[in-house]
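Peer 1: Sequential numbering from 1 applies to the sequence shown in the working numbering.
These are calculated hints, taken from the structure and not from any lab test.
One or more hints might be untrue.
Think about it this way: if two alpha-carbon atoms lie no more than 20 Å apart in a straight line, the pair counts; the simulated SDA-like pairs of lysine to any residue are [to be verified]:
#, residue 1, residue 2
1, Lys87, Arg99
2, Lys87, Gly97
3, Lys348, His359
4, Lys87, Glu114
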Amino acid sequence: MNAPPAATVAAAAIAGIRRLSALGLPGPEVIPPMLCRLHGAVASATNSFHWVDADGRPSGWFGEPPYPPEVARLSAELQHGTRGAPKLPTHRVFGSGRRAVRRTPLPPDFHDSEAYRRVWQPRGLHQALEAVVDDGRRPLGVLVLYRGPGDPDFAPEDLETVSALLPLFARACGGPPSYDGERAAASPPAFAVVGLGGEIRHAGADARLRLALALHPCLNHRSCGRGCATADAGVTAQLASICAALPADPRQTTTLRLRSPWGAVHAARAAALQPVHGDGVPLVGVALEHEVPLPVAVDAALERSALSPRQRELCLLLVAGGSYAALGERMGISEQTAISYARVIFAKLGARGREELLHRLLLAPRLA
1 MNAPPAATVA AAAIAGIRRL SALGLPGPEV IPPMLCRLHG AVASATNSFH
51 WVDADGRPSG WFGEPPYPPE VARLSAELQH GTRGAPKLPT HRVFGSGRRA
101 VRRTPLPPDF HDSEAYRRVW QPRGLHQALE AVVDDGRRPL GVLVLYRGPG
151 DPDFAPEDLE TVSALLPLFA RACGGPPSYD GERAAASPPA FAVVGLGGEI
201 RHAGADARLR LALALHPCLN HRSCGRGCAT ADAGVTAQLA SICAALPADP
251 RQTTTLRLRS PWGAVHAARA AALQPVHGDG VPLVGVALEH EVPLPVAVDA
301 ALERSALSPR QRELCLLLVA GGSYAALGER MGISEQTAIS YARVIFAKLG
351 ARGREELLHR LLLAPRLA
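With the sequences and hints as input, model every part of the structure.
Peer 2: Here it is in structure tokens:
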């Protein structure tokens, strides 16, 4: 099957970013999936978002993929450079409005520096585009797109596309401070085996990073540096507390929900592992799931569906609940038209109501 034209891919990506920005969720919950969709609108190796306070000072940071703790600490230390050597770009606020988009200025010798060699090069980064996100009154953050050594330079049309998307990122930053609604797993669980003292004995490919995301006290924040040198010990202590919470009956499990610094919630499900032979030591198996707000999980599932952008928008509202009159008002259509559209969606997905629709979107793809 032929790949869709680039313009079609870009239009779908922009529609997805627009849907996510309109969900009314906290920025740290919705900006990571928006960064993922951004790849379809502007080609990049990886993207990041840097939150700032009202004075433009860095206050938080999400990198895609997130940095492991040791890289986050190294990155913070290299922000200031050493002995006059080129330092990592700080992506600070440099303007306002839709004109505040530029190719990130780099020192002439940056690509020969320790900062480049130890942080950028291992992640395949070579150049960047940065844009200031603001709400017309104050800066909210800096959006950054990176490309690798073999990638073309960012073109004027790339800057124009990013500029046009800045209001959507500003809307996402203006969401509520927290979300207490339903959640769903964003990806398969990662697995680790830990000792009763919390020390990690064995871990799957994603487990160590996911544990860090869930438990590290300041991961992906600009304050992460020498001040959090004991953070790994903190992770061990948290794991030890999970082990201590296990029921006395080894056949039972315990589940704890952990909120990471950038807003995501992880469900840690732990179970005691008894030695098969008498001379073994007891261990604990931990399955860690990254949970996202239900609308975010549904929107990701809709991206894999055969629904049109307009049908995806209505489907997202159907999952959220509410009357057809309210859905029609949100979409600018009549109640009867909303009902007709909903019938088409239910027929396409083989569902008869909200619960079955959720099952088709979230559970069925996992079992396929």
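Peer 1: Of the numbered hints stated earlier in the document, which are not met by this structure?
Peer 2: 1, 2
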